[in-house]
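*Asks:* Here's the letter readout for the chains.
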Amino acid sequence: MAGTIRVCDTCRFQSIAGAIAQANKGDTVLVYPGVYRESNIQVDKSLYVVGINYPRVDVQQQGYGFVLKGDSITLKGFEIYDVEQSYVKEYAAVLVRRCTTFVVEDLRIRRAFFGILAEKSSSGVIRDNRISGVYRTEADAGNGIHLWHCKHMRIEGNVVHHMRDGIYFEFVSRSVIEHNHSHDNVRYGLHFMFSNNDEYHDNIFERNGAGVAVMFSKYIHMRRNVFRDNWGVASYGLLLKEIYDATITDNHFIRNTIGINIDGSTRIRYERNLFQANGWAVRILGASYQNDFSENNFLHNTFDVAFSGRETTVRFVRNYWSDYTGYDLDRDGYGDVPYRPVKLFSYIVNQVPEAMVLLRSLFVGLINFSEKVSPVFTPDNLVDSKPAMRAYDIEVR
Amino acid sequence: MIQIRGLTKTFGKLRVLDDLHLDIAESRVTAILGPNGSGKTTLIKSILGMVVPDKGDVWIDGTSVRGQWAYRRNISYMSQIANFPANLRVREVVDMIREIRQQPAPNMDEIVRRLGVGRFWNKQMQHLSGGMRQKVNVLLTFMFDTPIYILDEPTTGLDPLALMHLKELIVQRKAQGRTILITSHIMGFVEEMAQHVAFLVEGRLYFDGSLEELKQRTGTDTLEQSIAEIIKRNYAAV
Amino acid sequence: MQLYKIVRYVIRDLLRSRWTYVYFAFYYLLGMVLLFINRDLSKAVITLMNIITILTPLIGTVFGVMYYYNSREFIQLLLAQPLRRDMLFSGQYIGVSLSLSLSLILGLGIPFSMYGVLYSGVIWDFAVLLVIGGFLTFIFVGLALVVALANDNRIKGFGYAIFLWLAFAVVYDGLFLLGLLYFRDYPLEKFALGGVLVNPIDLSRILILLKLDIAALMGFTGAVFKKVFGTSVGMIMAFGALLLWVWIPWQLMLWYARRKDF
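Protein sequences appear in the order of chains A, B and C. Position 111 (the first sequence) corresponds to 111 in the working numbering; numbering is contiguous. Position 157 (the second sequence) corresponds to 157 in the working numbering; numbering is contiguous. Position 184 (the third sequence) corresponds to 184 in the working numbering; numbering is contiguous.
If we strip away everything but chain A, and leave its shape as in the complex, we get (with noise of 0.2 Å):
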């Protein structure tokens, strides 16, 4: 029979990490309100450490928080705070090192280096935890949710904020990112290297230094995501750098300067997702084959598509454009005249982006039409053959 033990001012146990040392595998540790002058507590084996009503756990600057170890952990309901900055050392309020099957849920981590950090681990569930930093600069910030080495985990339901990268993913695979709300992180909600077989869908990532990046990474699957007002010289709703294989669909890119920037990706499928408002909607540099666009909305972007770099091929079909002018003759519900995504107005901004305020003038709109009635710049195979006549329904939660 596994046994609970109690850690309060007035129990046995007045220390988190002796009730720990004290427990037999399988026991349930209860830990009461209070405040705890603890660090580097050490969880090496099957527990759960479980706070009642967010007992806090000061780290005093000490190095980490916890230190999570083995199987079948499961850590839950503290308030972690002053997790230890370092130059050297990835010091997070939860260190999760070669664990299986842990859980680490409802923490809420205030002034963290590093928030949840997990290693060489799998089949582990990040789930309902709020961690955010102190909003400083790229280098003295650390990541909220880093993983790396792990397989088969589950980051759900997570808000975190003011941190260096909100999720962080770096040889992980087979895993699952839902619901989260990752914002106003100094650089990405959400950051993808060297990561196979993943998906992430239904989080919503705002307001971050340079939005969300997938980067070498293959078999990735984002759905129903919202990625918005990510504004800036080098801002992406998404950054797709060296990504094969990967479908993007149902997503929402609203106010980002640039919805997603594809560079060097190939076979991608984007599908059903809603432009609107960006800078530009989509940007799509060299050497990037088979990207097809089927069934998006553009509505109101700046500038739908930005091309340059020769060695690309990227398709359009039934899309919808807010900036079509197009007529429906057959009836067939798709504009009779091809769409020219492409702006020559665009062109004139890549070389000269200080032409950029003459946006919207009637001279811009001149030469823009006449390049539409001959084109001489715009590349002829970049066009939408089949413009739908009206937008798509796509919702996110």
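Read the hints as simulated data drawn from the structure, not as lab findings. Backbone N, C-alpha and C fix where the C-beta goes; we use that ideal spot for every residue, glycine too. Possibly wrong hints are sitting among the right ones.
Which residues of chain C face chain A? A partial, calculated answer using Cβ under 7 Å [claimed, not checked]:
1) K43
2) G174
3) L178
4) R205
5) G240
Mind docking chains B and C on chain A? Use the hints.
*Replies:* Coordinates of chains B and C only, in the frame set by chain A:
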């Protein structure tokens, strides 16, 4: 007392007033006469400040009018062509001028009655005949009691009855000691109204004196003849 | 006081004029048609921007010139009254501009508020649009009055005024773009911003862009652009420049009026 000193005005190449000096005495009717294009209207508009002279100045009671506006309170002006904003009704024009001038209009009702302006009181200006408009012009000029009256071709378009009323008004004002300035091509009218004549030729003062003096000098019986005589002489000289 | 009276007469006069209603009806129908075609407030607001930055200056220009030539009697009548010339002409200027602005605001405001703009997210975009339309009306009525005062010949006056509009609306931007392309190897930030300040139509456009296209504008590396577009500096600067643009033609008009013979 209106003093005109060295007044010069050119429109393009045309010199309309050429170093004109003239005193217009108070409490009498002075007629400004001259052939077409001799500068009569320009002189009047200079006094009113509607034309900005190139050189010289107009002094009223010892004060220069240049850049001034309040002195126009003392002047009632009847323009040569009775043009009014087409959309406005007679009543509105009268109300507007009264509101702008903020002066009592003691003679208004009487003049309205005598000229029969009441019949088209609520009509828009664009629907009035030339004569009707001229009646409105007379009303706007004489409804105020001001020290100076300037009438530019006041008889144009008036029917005999209205003309009679106009003459009565002028006589009445003269009797009250007002300074009145008239230009007209109807010499009978001038002879009847004016005691004093200033005669302009090509922007210069050719003659300034009483009617009698003018007749004496030209050796003619009527004003009309003397004017004709002057014009003839002048153009013969040219 | 004098100014107020004259403004009132001018507006009363214009309320009788067919053209005020034509202008109002034009905007009303335009608003209705836009909403009917688009069924989408955001899109209608964008289309409206093009119309406002191009059409209000044109209408202001034509109406200003026309009004001046048609109101010469009114001016003559009032010049003989104890009124300051400055007040008379300022009054006309304000009266014409104000009634045109009202036609614009009511003409567009009614259909758009019927479509629920008041309760939608674009209410501020729409409001900024109308305010800018008002500014442009004032600016171009002022310029039109300057041209009209300087030209007694109606046909010439109309011609010059239309040319002035064309210059601001199209020609200037064309030359400006050529300049930018030609000097692309030099730092152009300040030149680009300065060039925009010089033209009231461009200035208004930038103000609207700050609302509609801020995401794209934030994609610049330049520090000056960043400051101008990223903070309230741009808004304040642009509105300041617009005010200056109202003031300059106004003063120019008074300068001409003081020297003119009637």
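*Asks:* Hint by hint, note whether the structure agrees.
*Replies:* Each hint tested on the structure:
1. With 7 Å as the threshold, the beta carbon of C/K43 comes within range of chain A, its nearest partner Cβ sitting at about 6 Å, so the hint holds.
2. Hint status for C/G174: holds, given a least beta-carbon distance of 5 Å to chain A, under 7 Å.
3. Look at C/L178: its Cβ only gets to about 10 Å from chain A, farther than 7 Å, so that hint breaks.
4. Checking C/R205 against chain A: minimum C-beta separation of about 6 Å stays under 7 Å; hint holds.
5. A cut of 7 Å between beta carbons decides the hint on C/G240: the least distance to chain A is about 17 Å, and the hint is violated.
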